[in-house]
Amino acid sequence: MPMLDDNVREQVVDFLKDLAGPVRLMMFTQEFECEYCAETRQLVEEIGELSELVSVEVYDFLADGEKAEQLGVDKIPAIAVIGAEDYGVRFYGIPSGYEFTSLLHAIRTVAAGKPELSEAGVQALAEVTEPIHIQVFVTPTCPYCPQSVTLAHQMAIASPHVRADMVEAMEFPHLAVRYQVMGVPRTVINETVHLEGAAPEPMVLEKLQEALAGTEG
Amino acid sequence: MKIQPLVMDLEPKARPEEADAEGAEVYDLIIIGGGPAGLTAAIYASRARLKTLVLTGSLPGGQPANTDVVENYPGFPEGITGMDLAQRFQSQAERFGAEVVIDEVTAVDFSERPFTVRARSAMYRGQSVVVATGAVPRRLGVPGEDRFYGRGVSACATCDGFFYKDKRVVVVGGGDSAIAEGIFLTRFAREVIVVHRRDQLRATKIYQEQAFANPKMRFVWNAVVEEILGEQTVTGVRVRDVKTGETSIIETDGVFVYIGMVPGTEVFADQLELDEAGYIVADRHQHTSVPGVFVAGDVQDPEYRQVVVAAGTGAVAAMEAERFLSEYWQTSHQEG
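Sequence order for the protein chains is A and B.
Sequential numbering from 1 applies to the first sequence in this note's numbering.
Sequential numbering from 1 applies to the second sequence in this note's numbering.
Derived from the structure by calculation, the hints contain no laboratory data.
You may find that some hints are simply not true.
[As the list claims (entries may be wrong)] The calculated lysine to any residue pairs, modelled on SDA-like cross-linking and capped at a C-alpha distance of 20 Å, are:
(1) A:LYS17 with B:ARG95
(2) A:LYS17 with B:ASP146
(3) A:LYS207 with B:ASP146
[As the list claims (entries may be wrong)] Derived coverage of chain A by chain B (criterion: at least 3 residues anywhere in the stretch with Cβ under 8 Å from a Cβ of chain B; other residues may be distant):
(4) 10-20
(5) 138-144
Cβ atoms here follow ideal geometry from the backbone N, Cα and C, with glycine treated the same way.
Could you build all of it, start to finish, from the sequences and the hints given here?
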């Protein structure tokens, strides 16, 4: 049974038809696949069939531990979206429902290697010299969430010091508890700074500065 | 839980400099709002071969997008998830050529044509406009609400219901949204307490029957929430009995607020005639106070607020826009 029906396949083909370059989807699962691992693998494999520029590589979280470590993958299912370089764009948990859109956007912008941000945003991110880790907690049934995920991923593409994860809260309940997620989207920056709701770019940039001030101080 | 993958376009098609540039295309119709009203208008307009742009706002799909199941939209006898319905509206509009862009409108100028619509990322021009910005959930406006918004206070059960697994939640309100989403929340929560300011529900009878039969649901009548309590997380709400004036505390882990809607008319306040409650004033042909600007859906409807009604007014607005444009083209042709 395919994950993507004909209608969605058509939309994906259309969405990915003008990719600016090749993209590798590096997917991590394990031998005895976790609840959503099999579905996530199937999802990326089906996307791979729909564009010549998208290749899918499936790794075993344990057997390919070195690879996982190299990419900073610490939980599964995971997808690293890699273009001309590794911009730090990750998905943890299945990107289905509304998050499927986030995955397609990540593929498209990683392929281009150029973030869809305002000039002010690009400039602010060019000035970042400290590591920043953005985690956006979502549920697949949250229509507001892809905006936050996509924005975080754009920021990762804009700066080599920024990495950004989508984290599907239902699959990682211990993280939802650790980061006190009671509503989505919730964006956590460098463990300390957090932001509720689908905030516009300037507001997220402000929070980024706040997180940076925290590391310096 | 099986969740269908959905495709939406999040990126604006035009950057500001391109859209502002000399010779930028003028749309026949710009639809502001991407809910059932806006997308139905888009289906009708694009089938009429109008060059149509939809600016969806921050919630593509509109209110159905954060509704669990829509049971009263004709043609779906088993019901349909709000997410799926919203997606179908959009695909249908795009099938006939409408451009759908996720962007929020920040200002409009309806004083001369083509009308100007400024969104966050670009400026657009249109010979006609349909305003279908819908309505946003009304907030309680009590202490604690802002502090806990997104961290224990929510207006989106489909988004946040999961976080209340085996917990107790309070739902404020007594209409369709409150009761339908309250029933949805019983999938996760161990107890759902409905706090309502009257002594009976306003919700559709079928929802009432389901709610009263649900062993996880409890009702606190004639009560209003006065404060949301807690230090780090929500621990309770303080409610006042509107009959006796007595206050009491209900312990809870979360609060879902469904106390009606506020029309999304802020950017139109000095451009279109609004009624006392802020709704756009429309005649029965969906005309506003400005010729060439039409209106549809919840932004002009304080009364019914149904998907099917919104879709209906969207169709009327688009047909009226088409008529307006063809009359305009006829006269300008004669003059030229």
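Index of numbered hints that the structure contradicts, given in increasing order: Checked against the structure, the only hint that fails is number 2, while the rest are satisfied.
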